[in-house]
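J.: Residues per chain are reported as follows:
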Amino acid sequence: MSEQPGEFAHQPVLRVRNLVKTYPTAQGSTPVLRGIDLDVDEHQVVTLIGASGSGKSTLLRCVDLLEQVDDGQVWLDGQDITDPRVDADAVRRRIGVVFQAYNLFPHLSVLDNVTLAPRRVHGVPREQAEAQAMELLERIGLAARARAYPDQLSGGQAQRTAIVRALAVQPRLLLLDEVTSALDPELVGEVLALVREVAAGGMTIVMATHEMGFARSAADVVCFLEGGVLLEQGPPEQVLVDPQHERTRTFLRRVVEAGRL
Amino acid sequence: MSAPGTEVFGDARGGLLPAPSEVELGRRSYRRSRQRRSTWVALLSTLVFSTLLVVGTVSAPGWPRTQQSFLDPDVARRAFPLVLEGLWLNLRVLVVAAVCVLALGLAVALLRTVRGPVWAPVRFVMALYTDVFRGMPLIVLLYIIGFGVPGLRLQGVPTDKVVLGTTAIVLVYSAYVSEVFRAGIESVHPSQRAAARALGLTHRQTTRLVVLPQAVRNVTPPLLNDLVALQKDVGLISVLGAIDAVRQAQIVSANTGNFTPYIVAALLFVLLAVPTARLADWATARARRRQQAGSVL
Ligand SMILES: Nc1ncnc2c1ncn2[C@@H]1O[C@H](COP(=O)(O)OP(=O)(O)O)[C@@H](O)[C@H]1O
Ligand SMILES: [Mg+2]
Numbered sequence: 009m010s011e012q013p014g015e016f017a018h019q020p021v022l023r024v025r026n027l028v029k030t031y032p033t034a035q036g037s038t039p040v041l042r043g044i045d046l047d048v049d050e051h052q053v054v055t056l057i058g059a060s061g062s063g064k065s066t067l068l069r070c071v072d073l074l075e076q077v078d079d080g081q082v083w084l085d086g087q088d089i090t091d092p093r094v095d096a097d098a099v100r101r102r103i104g105v106v107f108q109a110y111n112l113f114p115h116l117s118v119l120d121n122v123t124l125a126p127r128r129v130h131g132v133p134r135e136q137a138e139a140q141a142m143e144l145l146e147r148i149g150l151a152a153r154a155r156a157y158p159d160q161l162s163g164g165q166a167q168r169t170a171i172v173r174a175l176a177v178q179p180r181l182l183l184l185d186e187v188t189s190a191l192d193p194e195l196v197g198e199v200l201a202l203v204r205e206v207a208a209g210g211m212t213i214v215m216a217t218h219e220m221g222f223a224r225s226a227a228d229v230v231c232f233l234e235g236g237v238l239l240e241q242g243p244p245e246q247v248l249v250d251p252q253h254e255r256t257r258t259f260l261r262r263v264v265e266a267g268r269l
Numbered sequence: 361m362s363a364p365g366t367e368v369f370g371d372a373r374g375g376l377l378p379a380p381s382e383v384e385l386g387r388r389s390y391r392r393s394r395q396r397r398s399t400w401v402a403l404l405s406t407l408v409f410s411t412l413l414v415v416g417t418v419s420a421p422g423w424p425r426t427q428q429s430f431l432d433p434d435v436a437r438r439a440f441p442l443v444l445e446g447l448w449l450n451l452r453v454l455v456v457a458a459v460c461v462l463a464l465g466l467a468v469a470l471l472r473t474v475r476g477p478v479w480a481p482v483r484f485v486m487a488l489y490t491d492v493f494r495g496m497p498l499i500v501l502l503y504i505i506g507f508g509v510p511g512l513r514l515q516g517v518p519t520d521k522v523v524l525g526t527t528a529i530v531l532v533y534s535a536y537v538s539e540v541f542r543a544g545i546e547s548v549h550p551s552q553r554a555a556a557r558a559l560g561l562t563h564r565q566t567t568r569l570v571v572l573p574q575a576v577r578n579v580t581p582p583l584l585n586d587l588v589a590l591q592k593d594v595g596l597i598s599v600l601g602a603i604d605a606v607r608q609a610q611i612v613s614a615n616t617g618n619f620t621p622y623i624v625a626a627l628l629f630v631l632l633a634v635p636t637a638r639l640a641d642w643a644t645a646r647a648r649r650r651q652q653a654g655s656v657l
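Chains as they are written, first to last, in the numbering used here: chain A, 9 to 269; chain B, 361 to 657.
The following block holds chain B by itself, in its conformation from the complex (with noise of 0.2 Å):
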């Protein structure tokens, strides 16, 4: 081993390294240059995409028109406030849908799960919610649900437009995240469940104590993923006549006869987005990570 230096970097064990080589410093200044070359290339390449684009787009024949159409500023204004007004449903919508959904799709897979020929039924009702609400688009079950049930005029049931649309729309996405929960569920090696059973602890204690927070660890990305979906999906209440952010852009766009109002929802929904798909990005970035410890491949 080479003669202590009077340099040392951080050592958690007190033991004292050298201070870095020739050779090393060589490499790290090797690699910045690369590092900064590859942020010049990612820069250029990104200005040269968009101007390409944003000139093919000007110099189209039909651009004044659609300019004056979509991108109005002063209605952009008008109909900003409202629009905003309007998210903030869709906010509230979100967060309970949001809660709902993973608790309504915890449970479908755990009872889609349970073993046992007495559990058959629920098994076989369960496979058959997520099946046909899997499968239904989105908007039709919206137009069943908010406008049949309060069509039978039952006492006691809900008629307001946000609840209806928002108990469709947790019944589609509650089929998809229990679907999610279940691969998560089934992704954790079986010898997981024998070695914690080994330990005395019960079907239900396993599946709580060791099954379930890996699972749920495995999935993590994937439902993040879902969630960004859900975001942008509350939107669709605005067809049982909810007054949220689509819908007072649609009446801010019959007013003044002009799209505009739609790009200002649409934006607001994309802000509203980014957050959560970063998010998402983050822990499937650092699920990679904890599988491969520090490897540089």
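Isolated chain A, as found in the complex (with noise of 0.2 Å):
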């Protein structure tokens, strides 16, 4: 529809412009977000923090096409994925996401959790497919249960199996809300060590979270949310240490005094 921005400097691998969404009310629609403008760089991980509430699911949920925007752009490696005349199945195909309850499939083994999509969406024979799902799973050290289910699973087991399932189609782009918010603290630490081998691995991530000692170590950009609008975004020693805005030190704040940074 129409041309991206800057097309001839660099090309991030996902550009947000102007992106509004609203949700029908009884009193009219709500802004949900309002006007974010985000640029995403190769190999980079973007972390979105803020309050519940702030609009960073909603964000994800519309860089995933599983929501329509209300306005604004969004381009994947320069494609402008709002046109309606994209074909949102495939550039889902090309974004990998992870839930914060993970939506593993309960009547499929974790193996042919992980096969499900190579095999059926990208046409991968069977046996490729199970080798490299096997060899993934042998990564996270979940080989030995690529034949349990998923109810068989602990939260932090399942997790991992629902990040190494998106990562099987091998994504431009992954998208992980929060995945480590269903988790017992001792399983955190397993989920975020997986995350941060992807990102060593090169993958291009932008993840919402509340665990601020992540985002400060393996972010490359921290973005504060707020009242669906992007207040303040940078690396992550300026946003988290000294940020310019008074609501993103409440914010923090906040979080320190519940004892998560």
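Everything labelled a hint here was simulated from the structure, so no lab data went into it.
Keep in mind that the hints are not guaranteed to be accurate.
Unchecked claim - Derived CB-CB ranges, DEER-like:
id, chain 1, residue 1, chain 2, residue 2, range
1, A, R134, B, A467, 48 to 54 Å
2, A, L116, B, S429, 56 to 62 Å
3, A, S189, B, L451, 36 to 42 Å
4, A, Y31, B, L639, 26 to 32 Å
Virtual Cβ for every residue (Gly too), placed ideally from N, Cα, C.
With the hints as a guide, bring the two chains together.
T.: Below, the structure is given as structure tokens:
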């Protein structure tokens, strides 16, 4: 529909401009995102922080085309994916997503969960898909549980399986929405370690999280959202240590009081 | 964030949003044109399809003869008021039967789910009931009850054809509906029951205040579907001689030697079913919407 701005400069993997999303309510429509601008370069890890209800999940859902945006544009590798003419399924195939509640399919084994999309969507032959899946499961120490079903896994194992499942189709971009929020504290570490490893492997990641320690040590960019506005973004040592906005400071103070930093 | 525009659209939080951008307006007009196109395609394909159907039927070799005996306007005019009068009986039977089926079906479902060894015989009897009456053809049960019960010549037992016919329908449909309710009760996750018991609610309170409301919600679409089926099956009481719409059609048909009255009755039954069917669709769509909360998938 329209050209990406600044096309001859470097091309980010993900570019978001003036993204607006409203939800219909009894009193009209409530804006949940009010004009978000965001660039994510290749191999970058971007974390979204902000209070519950600030719009982090909605932003990720808009990027994955699970929601229809009300204004603004989103480009993936230079393609305007908010254009109604694009094939949303084809776009989603290039994006891996993991949600807070691990959405593993309960009727499929761990191995079948991981191989479902490679086999059915990308047409990879069974043996090859299973070999690749076993390799991934090996790396996260779950190869022995490949024949187990999701309800036989611990929360951490299930969430790591969900991440591996998202990676199995070799996405361009990985979206993680509070992947550790539903976990027991002692299980958070193993999941974050996996995310760290995936990031080190060069994956481009956008991650909504409450783990400030992780944001500080693993992120290239930290974005602070409040009330659907991206108030502040920058390297973690700036946003998390010396924030420019009073609101960001208040939020971080509350997080520190809650003992999450 | 972009500068506030002059125009704004609705915003419950009081914050102003700028008017939609050029790009967004383009997207909206594209979506509208797609919408229009699909409407036209739907219309056209309906037209082509129905034309083929009509042409195919009318050009059949036996058509003139069939038209005479099934679609005679004079006979239709004569049959209509009589059949409509019969339909009034069907409607009354339907309302009574629907209420009884809901009550009896729910009771059987609840009795099948009660726990504890003392209740074992009750559970057994209820299981037996559903097995027997779900398995029995409605028309056979209608004969058994409609002609068998009056044959007993018991004091105080009704011999009215309509009452007996309704009883048979209620017995069969309650068996079906109790299974629908039971599936609904069992579809409520056990953690809901645990959460209610943890709050100190008794088993009965838990069932009534937490489990049943969720169960009923889950099974509203299949229940409405059963109601559509019930709506037409009330026409079966005519086999006992009750003067309902079907019976009236039969009488007019016998007097005129023409099958048109049956077509009249059929159309009236279909018309009666349409609102319920739409209601069932609407309830199903609403249940689905509630589960995926605003997503485009
Ligand atoms: N389907 C929906 N319908 C209406 N409002 C919604 C819907 N989803 C989210 N919201 C609202 O949007 C706001 C942002 O939600 P969300 O993106 O989930 O925030 P976060 O992930 O940062 O906690 C919240 O105020 C929430 O109530
Ligand atoms: Mg969220």
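J.: Hint by hint, say whether it matches the structure.
T.: Do the hints match the structure? See the list:
Under the hint 48 to 54 Å, the C-beta atoms of R134 of chain A and A467 of chain B, about 51 Å apart, fit the expected range. Restraint check, L116 of chain A to S429 of chain B: a C-beta distance of roughly 58 Å satisfies the suggested window 56 to 62 Å. S189 of chain A and L451 of chain B have their C-beta atoms about 55 Å apart, which leaves the hinted 36 to 42 Å range violated. Range check, Y31 of chain A to L639 of chain B: Cβ separation about 27 Å, and the 26 to 32 Å hint holds.
Going down the numbered hints, you'll see the structure goes against just number 3.
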